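Novice: Chain by chain, the residues run as shown.
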Amino acid sequence: MNAALIGIPLLTALLAALLPSDRMRPWLLPATALIHFGLTLKAVFFPEQTAFSKWLVLDPAARPVLLLISLLFLVISFYTVAYLRYRKERPNRVFCACLLSCLGTMSLVTWSNHLGVMWVAIETTALSTAPLIYFNHNPRSIEATWKYLLIGSVGIAMALLGSFFLAYASLHSGMEPSLLLNKLLLDAPTLSKPWLHAAFVLMLVGYGTKMGLAPMHTWKPDAYGAAPGAVGALLAGGVTSCAFLCILRIYHICQASGDGPYIAPILLFMGLLSMVMAGIFMVGQQDYKRMLAYSSVEHMGILIFGLGLGAPALFGTFLHLINNGLTKGVLFLSAANIHRSYDSTTTAVVRGALRRVPWSATLFLLGFFAITGSPPFGPFISEFSILNAGVSSGHFVSSGLFLLFLLVIFIGMGATVLNVVQGRAPENAPTTPYREGIATIAPPLILMLLVLLLGLCIPSPLCNLLRDAAHFLEVTP
Amino acid sequence: MNPLLNALLVLVLALNLFMLGTSRILTVIRMVTLQGILLGVMPLLVHEHAGLSAALASAAAIILKGIVIPFMFIRAMRDVQIKREVEPLIGFLPSMLLGALATGFALVFAAKLPLVGEHTTPLLVPASLSTMFIGFILLTTRAKAITQAMGYLVLENGIFLFGLMLVDAMPLIVELGVLLDVFVGIFIICIIVNHVNRAFSSLDTRRLATLKE
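The listed protein sequences correspond, in order, to chains A and B.
Mind the numbering: the first sequence is residues 1 to 477 in the working numbering, read in order.
Mind the numbering: the second sequence is residues 1 to 213 in the working numbering, read in order.
Just chain A, same shape as in the assembly (with noise of 0.2 Å):
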């Protein structure tokens, strides 16, 4: 039953491999989305049988994220149906079945509790995400892939090598060696230390990669700027809160090693750089994509900022990368609307887009509020959350800083924003074919209800889902 999470995306993956027709193939999106949606609410909620075998567990910090990638998923199908009907010109065989086994392996990294396993699930989803940035063959797009895939897999290679030196750290210390996840957390006291900080800065280093920490995220801007706007979508939301929960194992360890106060200010700084970086990047910005790359590498450093301050804000955490998934589902699909009907992302070209794209204007503008922390969307409850943790636990230099980029981010961001959206689209602007219509407003207009949702109240089922997750990294084993 719980094998069907992983195995039917694959299989589905599988199938569109196989079918001829272009036409038909995107609807096994949907298909196999609402099948996996329909599984996960079950395993998430009514978790009967958490355990598959000893190597695929679904423990509570995982929960979380396997519900965000299934629902954000499910959304960007619906979306990618129509996006594929106005890209008739580009086969979408490899498009359809890497999107589906990227399915497949992400619900497998919130399985695994090998970190082996978990390795070989986030390296697969990173291989097959990189067909889907390179969907449009251009030049750009084909830098972009380069520079992901090399990028990435150095990364990546980092985070095997960190958990070598995990499995190292028990055999030091006189143990069977073993990455199983379990197994680790029991024995984390006696963890040969020199071994464990070791594993740490390297699974940090790594599959801060993939999330895209400062100073590794150089590959983000490229390839969120060059991938469909749905692909983007999927990273931003779905690829890196998995490479997130593969940080938050090594953080569980390292807590249940004593070794919270040593991993504390790593975690702090990285995640104000990111922040900071992203702010510089972003004030200026020409390009909007790459703009919403940047947004991106800002929250995966608050969400390792929540991690840094620890136990008092992984509540906040958790919810923040929920909220955050979901609005960068809203304004990555509302600016996939803006480039189809301007043909261009640079806001020297992209201006108006409230006259000629009103819903996805709209929808655009409402997800730059929610991103940046304004009331009354989700990330404002969240981000308010983790400045709050971070004041009551003394953090105050740290929360200052908080405060300041998120100031920072909100003004260079709101500059671009408000460029696309207001005033008239210039004589010389390319038209396109695209109209809006109900099949690519609804996916982001359903994303930002649930952003808005979030804001206002939080449903209970999963505020406790939440706080089980937060709980469950509090205490050690």
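Don't read these hints as lab results, they were simulated from the structure.
From a predicted model like this one, the values you see are computed outputs, not experimental measurements.
The beta carbon of each residue, even a glycine, is placed where N, CA and C say it ideally should be.
Be a bit skeptical, because a hint or two may be false.
Unchecked claim - Which stretches of chain B does chain A cover? Using the computed rule of at least three CB atoms under 8 Å from a CB of chain A, they are: (1) 136-148; (2) 155-161; (3) 164-172; (4) 185-196; (5) 200-208.
To be verified - To list a few chain B residues with every Cβ distance to chain A over 12 Å, as calculated: (6) P3; (7) N6; (8) V10; (9) I63; (10) I67; (11) F71; (12) P88; (13) V108; (14) V125; (15) S128; (16) G151; (17) G177; (18) V182; (19) L211; (20) K212.
To be verified - Simulated restraints, written as ranges between beta carbons of each label pair: (21) A:Y86 - B:A14: 50 to 58 Å; (22) B:V108 - A:M175: 42 to 50 Å; (23) B:R24 - A:P215: 33 to 41 Å; (24) A:D22 - B:L4: 50 to 58 Å.
Given the coordinates of chain A, assemble chain B onto it according to the supplied hints.
Specialist: Chain B alone, transformed into the frame defined by chain A:
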């Protein structure tokens, strides 16, 4: 530990240096192949009583790193019709010296690492560190996309060497998964290499510089 193991590791170290010293891409491919085969044999030597799973992992590594991946590299090289690495960021002789320096450093550094007693005598840890360094040097100083891809493979080889000490922690299925991922990664990279050549009329990755701030 098997005495043959140290001899093979010395060979691996020598191959590393030769890789840095040559400009002919075909020669680099051959050395990476040989290194892959040597690495593939090692799981059988590390354990006194190598079982079926070690044999399987070893066979898979030899087939992929000794036959399939070199074949892909050679095809990619033929498709794009290049033979030599030109104008590396650091010249061939200086990079070889840098590699030798890195190897010396790896030997000194490994002696200082807190290792388990049985791992202090074989060259496993220094060879692993040195191979990773060499992979990084190839990745960062060479301009051709295909040589960078080989740098990635060498880096992966270095990590594989470290993993030899931890065979118990990595079940066979995971080990095969890692190998498969490396293979698929290089497969996609080889396809992209071909497209880079067509779109930019060159394999020089320094031309991939349109996307920047």
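Novice: Within 33 to 41 Å or not, the Cβ separation of B:R24 and A:P215?
Specialist: holds (35 Å)
Novice: Quick one: work out the minimum CB distance from B:V125 to chain A and report holds if it exceeds 12 Å, violated otherwise.
Specialist: violated (10 Å)
Novice: Should the hint that B:V108 and A:M175 are 42 to 50 Å apart at their CB atoms be regarded as holding?
Specialist: Between B:V108 and A:M175, where Cβ atoms are some 29 Å apart, the hint is violated.
Novice: Any Cβ of chain A at or closer than 12 Å to B:V108, or is the non-interface label fine?
Specialist: holds (17 Å)
Novice: Run the C-beta distances from B:K212 to all of chain A and say if the shortest one exceeds 12 Å.
Specialist: Non-interface label on B:K212 violated, nearest chain A Cβ at 8 Å vs cutoff 12 Å.
Novice: Does the claim that B:V182 lies off the interface hold, with its Cβ farther than 12 Å from every Cβ of chain A?
Specialist: With a cut-off of 12 Å, B:V182 comes too close to chain A, as the shortest Cβ separation is near 9 Å.
Novice: Closest CB-CB distance from B:V10 to chain A, is it above 12 Å?
Specialist: holds (22 Å)
Novice: Decide, holds or violated, for the assertion that all CB atoms of chain A are farther than 12 Å from the CB of B:P3.
Specialist: holds (23 Å)
Novice: Minimum C-beta separation from B:G151 to chain A exceeding 12 Å: can you confirm that?
Specialist: violated (9 Å)
Novice: Is it correct that the beta-carbon of B:S128 has no partner in chain A closer than or equal to 12 Å?
Specialist: violated (9 Å)
Novice: Within 50 to 58 Å: is that where the Cβ-Cβ distance between A:Y86 and B:A14 falls?
Specialist: The hint (50 to 58 Å, Cβ to Cβ) holds, given that A:Y86 and B:A14 are roughly 56 Å apart.
Novice: Check the following: the C-beta atoms of A:D22 and B:L4 are separated by a distance inside 50 to 58 Å.
Specialist: holds (55 Å)
Hints 14, 15, 16, 17, 18, 19, 20, 22 from the list above are not met by this structure, while the remaining hints are.
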